[in-house]
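Add chain B to chain A, keeping to what the hints say.
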Amino acid sequence: MAAEKTTIFSPETAARFDKLVTIYPVKRSALVPMLLYAQDDIGYISDAVVAEIAERIGITELDVRNVLSYYSMLRTKPVGKYHVQVCTNISCMLRDGYATLDQCKKKLGIGHKETTADGLFSLEEVECLGVCCWAPVVQVNYDFYDQLTPEKLDKVLDDYREGRGKETK
Amino acid sequence: MPSLVSHPDEVKILSRRFGQGAADIEKYLEMDGYKAVQAAIEKGPDWIIAEMKASGLRGRGGAGFPTGMKWSFVPKQSAKPKYVLVNGDESEPGTCKDHLIFLHDPHAVIEGTMIAGLAIGSKLGFIYLRGEYRYLLKIVEKAVADAYAKGFLGKNIFGTGVDFDIVTQTGAGAYEVGEESALMESLEGKRGVPRIKPPFPAVVGLYGGPTVINNAETIATAPHILLMGGEAYAKVGSERNGGTRLFGISGHVERPGVYELPMGYNLKRAIYEVGGGIRGGKKLKAVVPGGSSTPVLLPEEIDIGLDFDQLGKAGSMLGSGGIVVLDETVSIVEFALRTISFYQHESCGWCIPCREGTDWLKKSIGRIYAGGGMEKDIDNIRYLAENMMGRTFCPLGDAAAMPTLGFVKKFRQEFEDYVNGKARSETPLLQISGAH
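Top line first, the protein sequences correspond to chains A and B. In this text, residue positions in the first sequence follow the UniProt record's numbering: the first is 1, and each later residue adds one. In this text, residue positions in the second sequence follow the UniProt record's numbering: the first is 1, and each later residue adds one.
Everything labelled a hint here was simulated from the structure, so no lab data went into it. A hint or two may mislead.
Simulated restraints on C-beta separations [claimed, not checked]:
id, chain 1, residue 1, chain 2, residue 2, range
1, A, Thr149, B, Asp9, 25 to 35 Å
2, A, Gly109, B, Ala232, 53 to 63 Å
3, A, Lys27, B, Asp417, 53 to 63 Å
4, A, Lys166, B, Gly44, 44 to 54 Å
5, B, Gly44, A, Leu120, 52 to 62 Å
6, B, Leu298, A, Lys27, 47 to 57 Å
7, B, Gly44, A, Lys113, 52 to 62 Å
8, A, Glu55, B, Asp379, 51 to 61 Å
9, A, Lys169, B, Lys376, 46 to 56 Å
10, A, Ile23, B, Lys376, 51 to 61 Å
Every residue gets a Cβ at the ideal spot worked out from N, C-alpha and C, and that includes glycine.
Isolated chain A, as found in the complex:
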């Protein structure tokens, strides 16, 4: 049935969703992962994403939006190709987390929740990433860079700019 329908997702994501709605005792349990995987695929949660996910699970679009607005990783607007997330929570704060954030701001020329004009980078100050003993830490999309020094951070951002950065999906 799903195969006959048009989907806005890539074939891999569509296939994943076909399976995801079958593995739980209740279909709706797939909602949070589906939203995150949809975002990975499309870049953000667009109106079309909300509509298709609502239909796949069999809930209303309002139900989807209600959940969407709760989770801090989910976003309704596009970000840069490389979303740079800097932790400034206590363990990172004690080990130059704010200097790390400042360095990112200067180097990328953007502030919190802003995107570079070329669409390559966006920046966000985030809460604890669970990497406290290896502070300071930055997460680029899903990849962590820990025990950062100014030199290491420079190299991480340069690598992404030149297309040599890691990309865990």
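For chain B alone, kept in the frame of chain A given last:
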């Protein structure tokens, strides 16, 4: 990738496979992998629960509830299916231990989930990881797939006629989902707001069925307890605090890292010997002993054993075992503001004392920090925090109020110095608290 550290005082039970390549199922099998669950199938639920009770293991998420007792609360007969739920939503600032378990020993989590399932008569377990842990989710997913391929999961596991399935789940960014009932809501595809208790999850949990929910570290410890015996495990720790724990030492120490130390291990020694002392030879100012929600300790209060009871007696908590060390250069007002900013950001807004309380605490501390505070703001902070305590569905309200009270009570002079213009912020306020 997070680096591993080591110290001679460590007792490596849970972490003995770290750095050994045990995410590979063959290596895990070489290192006693899946032996405990086979013993559990053979000897049955009563034996499992008796060993868990004898072990003295207490929940590693932070509350410290005895695990064996928790498992024994699940009714034997149930009209609805029973579930095991593994909480890998690790989000308490200062805590990064589950990160290492998923990275180095994912099969221990799987095996522990199966053991919990056998103990309570469940056929389905969920392993829930926070959304940011995508690379770890992939490691766990591969481990689950390998276990299925070997016939360790699915129908008729190990050829014994027992069925057990595991589903992995990703969150999408929410501290509150680390609370057990909020996690169940999230897993049911809803906003992660807490449920009122009772009924407790052991009776009415996920999908309304009896549910055991444990922290990932608790679950990963279960196979080791069955292998070495509950009593032997208990002996490693202190009184009523069995075994070892993964303590994360972060902040201003020379050798930050995650160390496996016996329960009851001396906090001062953990900082000065294991963690290598204060960075740059500076003086110690304060210690947050068990994650950001636990009340701060002064340098003269740290000659104390790291277990649930001793820290409780000292007016703090063992919490999640995340020890955050502050040297003399730290402004407590700034640290308090960063802490409350986090809780204000993460409050789900369901209970008014938490939603309003965290917001007003942040505003009040923020005003003091910015140099516009008044003497009465300090008393207001205490009044607000004291009135949040115990008045919310879940412990997030307490988690925000308790550390705040600790800072204001133990470092009142610093708050007064800001009010009286004797101290001032070096960081603009907006940078520290305006971002969220």
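Exercise. Determine whether the Cβ-Cβ distance between A:Lys166 and B:Gly44 falls within the hinted range of 44 to 54 Å.
Key: Holds: the Cβ-Cβ distance is about 46 Å, inside 44 to 54 Å.
Quiz item: Should the hint that B:Gly44 and A:Lys113 are 52 to 62 Å apart at their CB atoms be regarded as holding?
Solution: Cβ of B:Gly44 to Cβ of A:Lys113: about 55 Å, so the range 52 to 62 Å holds.
Quiz item: Should the hint that A:Thr149 and B:Asp9 are 25 to 35 Å apart at their CB atoms be regarded as holding?
Solution: 29 Å, holds
Quiz item: Do the beta carbons of A:Ile23 and B:Lys376 sit within 51 to 61 Å of each other?
Solution: 56 Å, holds
Quiz item: Between A:Gly109 and B:Ala232, does the C-beta distance stay in 53 to 63 Å?
Solution: 59 Å, holds
Quiz prompt | 47 to 57 Å as the expected CB spacing between A:Lys27 and B:Leu298, which holds or is violated | solution = 53 Å, holds
Self-check item: Hint check for A:Leu120 and B:Gly44 - Cβ pair distance inside 52 to 62 Å
Solution: Holds: the Cβ-Cβ distance is about 58 Å, inside 52 to 62 Å.
Exercise. Can you let me know if the beta-carbon spacing of A:Lys27 and B:Asp417 is within 53 to 63 Å?
Key: 57 Å, holds
Practice problem: Using the Cβ atoms, figure out if A:Glu55 sits within 51 to 61 Å of B:Asp379. | Solution: Taking Cβ atoms as reference, A:Glu55 and B:Asp379 lie about 55 Å apart, which means the hint holds.
Quiz item: Range hint 46 to 56 Å: satisfied by the CB atoms of A:Lys169 and B:Lys376?
Solution: Hint holds: Cβ distance 53 Å, inside 46 to 56 Å.
Comparing the model with each numbered hint stated earlier shows that all of them hold.
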